[in-house]
Amino acid sequence: DQQVKQNSPSLSVQEGRISILNCDYTNSMFDYFLWYKKYPAEGPTFLISISSIKDKNEDGRFTVFLNKSAKHLSLHIVPSQPGDSAVYFCAAKGGGTSYGKLTFGQGTILTVHP
Amino acid sequence: NAGVMQNPRHLVRRRGQEARLRCSPMKGHSHVYWYRQLPEEGLKFMVYLQKENIIDESGMPKERFSAEFPKEGPSILRIQQVVRGDSAAYFCASSPSQGAQPQHFGDGTRLSIL
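These protein sequence lines map, in sequence, to chains A and B.
Here our numbering is used: the first sequence runs in plain steps of one and ends on residue 114.
Here our numbering is used: the second sequence runs in plain steps of one and ends on residue 114.
Misleading hints may appear alongside valid ones.
[Unchecked claim] Heads up, incomplete: computed chain B residues facing chain A, CB under 7 Å, no partners named:
1. E41
2. Y48
3. I55
4. D56
5. F65
6. Q98
7. G99
8. P102
9. F105
10. G106
11. D107
12. G108
Calculated directly from the structure, the hints in this document are not laboratory data.
Virtual Cβ for every residue (Gly too), placed ideally from N, Cα, C.
If we strip away everything but chain A, and leave its shape as in the complex, we get (with noise of 0.2 Å):
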């Protein structure tokens, strides 16, 4: 049961547009998600966040946006740079007694050409 789906395993963006990188949820549970990026051999890094709450959150280049009614969000980066290039992970809490664990999607490798 994949309750956090990144449906695109890939996207190649070129330097300086807009990447925009999917997820979407099926636990109405979840109330917090989060956007972690991942180099090879590396552990995930934190990019950015949002709550339930809120439908936007902004972060220099990193925009979150969610839609809650249609349990979607999206991450945008403008502009792209090279130095972007990796795994991008969506992830999810839920709440109550959820502990805190969180609900990882498949990953989306984004490359950006130079």
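Please build the complex by placing chain B on the supplied structure of chain A, with the hints as guidance.
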């Protein structure tokens, strides 16, 4: 380096041997989460521990796997009688309190079973 430290980074075991993976959380963090990443998949929650307590082990396989986080020293994920299917990257994350986000990840232990 005040980050999450995992060791060893790489571990090779033969089928039937035991594997011990260690995790030292960030300074000031007393909550540890273990995740496993199989090839081509996202991270999957295994267990959540506080000092001397297992809080949530809903993601742990029923047999051969155990975890502890003693009062002193690192958290240990122990896999007994390893099988080929245990080959994966095991990541540890820490947080300062239950449910606090974001979780900060270590660089993982890559376990290979011969």
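Report the numbers of all earlier hints that the structure fails to satisfy, in ascending order.
-> 5
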